[in-house]
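Trainee: Spelled out from the first residue to the last, the chains are:
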Amino acid sequence: MYGDVAAVDGIDLDIARGEVFALLGPNGAGKTTTVEILEGHRRRDGGEVSVLGEDPGQAGRSWRARLGIVLQSATDAAELTVRETVHHYARYYPRPRDPDEVIELVGLTGKADARVRTLSGGQRRRVDVALGVVGRPDLVFLDEPTTGFDPEARRQFWKLISQLANEGTTILLTTHYLDEAEALARRVGVIAGGRIVAAGEPATLAGRAQAEATVSWCGPDGEHSVRTATPTRVVAELAGSFDGEIPELTVTRPTLEDIYLGLIGELP
Amino acid sequence: MTTTLPVQPAKTATPAPAARMPSAFRLALARGRLELKSFFRTKGQFIVIFSLPAIMLILLGSMAGRTPGVPGVTGAQLMTAGMIGAGIMSTSFQNLGINIALERDDGTLKRLYGMPTPRIAYFGGKIIQVLVCMVAEVAILVTVGVLLFDVQLPGTLDRWVTFAWVLALGGVACTLLGIVASSLPKSSRGANAIITLPFLVLQFCSGVYFPFSNVPVLIQHVAALFPLKWITQGMRSVFLPEQAAAAEPAGAWEHPMIALVLAAWCVGGVLLAMKTFRWSRDA
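In order, the protein sequence lines correspond to chains D and H.
Those letters in the first sequence? Residues 1 to 268, by the numbering used here.
Those letters in the second sequence? Residues 1 to 283, by the numbering used here.
Worth flagging that the hints you see were computed from the coordinates, not collected in a lab.
Fair warning: this is a prediction, and the values are worked out from it, not measured in the lab.
A couple of the hints might just be wrong.
[Claimed, not checked] Reference listing, derived: stretches of chain D covered by chain H, where coverage requires no fewer than 3 residues with Cβ under 8 Å from a Cβ of chain H:
id, segment
1, 73–79
2, 87–95
3, 153–165
[Said to hold, decoys possible] Here are the simulated distance ranges between beta carbons:
id, chain 1, residue 1, chain 2, residue 2, range
4, D, Q58, H, F40, 25 to 31 Å
5, H, F40, D, S62, 30 to 36 Å
6, H, A168, D, T118, 36 to 42 Å
7, H, V267, D, Q156, 36 to 42 Å
8, D, G46, H, K37, 52 to 58 Å
[Claimed, not checked] So the derived list for chain H, only partly shown, Cβ under 7 Å to chain D, looks like this:
id, residue
9, M21
10, G32
11, S38
12, R41
13, T42
14, L102
15, D106
16, G107
17, T108
18, M115
19, P116
Cβ coordinates follow ideal geometry from the N, Cα and C atoms, glycine included.
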């Protein structure tokens, strides 16, 4: 509890080894609080939390050595070079990755001898990612990692995360970019008002796969649009009434964003 | 709230080979190197910390007149001893306090806390940095004093021993107080003012820039509660001729009292630092 309002209350989730799990939610929903409790950065006043088999509030150095935390707004190490920084922090871990390989992995080899202060915002975040993974963690926390990235940097970053996941690293990601969650996560959880309101695979979240589809086309008398649970039948009937192609035919299901907005109560 | 992350793997459990954690002592040395690198690369900081006291000593020392009542001792020599004391406190209390406050804001502490960092590695690194800067600062001021103002280097082993213990006890006490002070500013922007201002006031009260005997008696009593007055007194006993002791309020160097007060501040500093130090601002 922080003040009179419980920042998070009723988060029940299990994340399996090797999984990429995305925590979605509007600002102030409790994403960062949840992650900080899991990281051991914040005390909780109730409930049961187990991360890598230990309580983050009690766990020690060897537990920390298995975590990777990617900070979201750090400006430290300004006067050190990228290479010095990554090499230095690699020393904290019992089984670190090769620091130069990590620099390569995050695409900063060309900037390895540049002072961290001189990097662009996106490059700076990649240093944070490098420091988050240099210890060969079993579990990585990424709290809104691509905020402020340009589209190309985001794509590169996504590739990096997929690569880590393929190597068996468990990743807990928070984001408010729905496309990011869909591209990276095997499962997502939507958090609103400090509670998990839905969790599941992005493609089937909150009945997305069974939700009514919208069939639209352009008839002789203008545009039409029908919401239906049986889009195939609608399209078949339409095909019978048109000679050949149905003009401007589309069949859409709700996007993850539609589902998400519905869940957090911003759509009727 | 039940949160399990990740659940125990069913079959694929491959417990990591029990690798040994890196030694805390080696990490402290590595952090010391890193701290010094960062420090010496921050040009502004570097210049202000090392050249400002030297320039002030040269200027103020040249303007200082004769010290009343102490034959054979000039105001510049008195000031050299005073500024060596202030130099010990500025490299520890002031710089360290501001530095840690900045690190609490820029993410350094959060990063270290999120990593398997032994506390001793962080503080060990700081101590190395403070020690190097303190010795360099004192060396610069002593050099200025010897070259320009006829300050005599200690001629007896006795005086060197006094020099060593006053430096060590004073340095440790002020380092601990710097750690405590780092928690006072609400943000890094306020750090400079909140830490520098009291330090500046204390310097004037403690007889850094003019003879302590000229300080009003009431302020003398207040200054005597803090370490700086005792550090400067100790340094006067090292660098000034024996007869200068007559100008002290007690008419003597009071070595046991200096040791007692500084040691008490070391003990109090440890307790306060342990009670107040936080890795983050909001925890």
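Trainee: Hint by hint, note whether the structure agrees.
Mentor: Hint by hint, here is what the structure shows:
1. Counting residues of the segment 73–79 of chain D whose beta carbon lies closer than 8 Å to any beta carbon of chain H gives 7, which meets the minimum of three for the stated coverage.
2. With a threshold of 8 Å between beta carbons, the proposed coverage of the segment 87–95 of chain D by chain H holds, since 7 of its residues qualify and at least three are required.
3. With 0 residues having a Cβ less than 8 Å from any Cβ of chain H, the segment 153–165 of chain D misses the three-residue criterion, and the hint is violated.
4. Between Q58/D and F40/H, the C-beta spacing of about 40 Å breaks the proposed range 25 to 31 Å.
5. With their beta carbons about 34 Å apart, F40/H and S62/D fall inside the hinted range of 30 to 36 Å.
6. A C-beta distance of roughly 39 Å is found between A168/H and T118/D, which places it inside the suggested range of 36 to 42 Å.
7. With their beta carbons about 54 Å apart, V267/H and Q156/D fall outside the hinted range of 36 to 42 Å.
8. Range check, G46/D to K37/H: about 44 Å between beta-carbon atoms, so the 52 to 58 Å window is missed.
9. Given hint, M21/H at the interface with chain D, holds; its Cβ is 5 Å from that chain's nearest Cβ, closer than 7 Å.
10. Against a cut-off of 7 Å between C-beta atoms, the interface hint on G32/H is violated, since the closest Cβ of chain D lies about 12 Å away.
11. A hinted interface residue such as S38/H counts as satisfied when its beta carbon comes closer than 7 Å to some beta carbon of chain D; here the least separation is about 5 Å, so the hint holds.
12. Annotation: interface hint on R41/H holds; nearest CB of chain D at approximately 4 Å, less than 7 Å.
13. A hinted interface residue such as T42/H counts as satisfied when its beta carbon comes closer than 7 Å to some beta carbon of chain D; here the least separation is about 6 Å, so the hint holds.
14. Taken as an interface hint, L102/H does not check out: its beta carbon lies about 9 Å from the nearest beta carbon of chain D, beyond 7 Å.
15. With its C-beta approaching chain D no nearer than about 5 Å, D106/H sits inside the 7 Å limit, and its interface hint holds.
16. Evaluation of the G107/H hint against chain D yields a held restraint, the C-beta minimum of about 3 Å falling below 7 Å.
17. The criterion of a C-beta within 7 Å of any C-beta in chain D is met by T108/H, whose closest approach is roughly 4 Å, and the hint holds.
18. Hint status for M115/H relative to chain D: holds, with the closest Cβ pair at about 5 Å, below 7 Å.
19. Against a cut-off of 7 Å between C-beta atoms, the interface hint on P116/H holds, since the closest Cβ of chain D lies about 4 Å away.
Hint compliance for this structure: hints 3, 4, 7, 8, 10, 14 are not met, and every other hint is.
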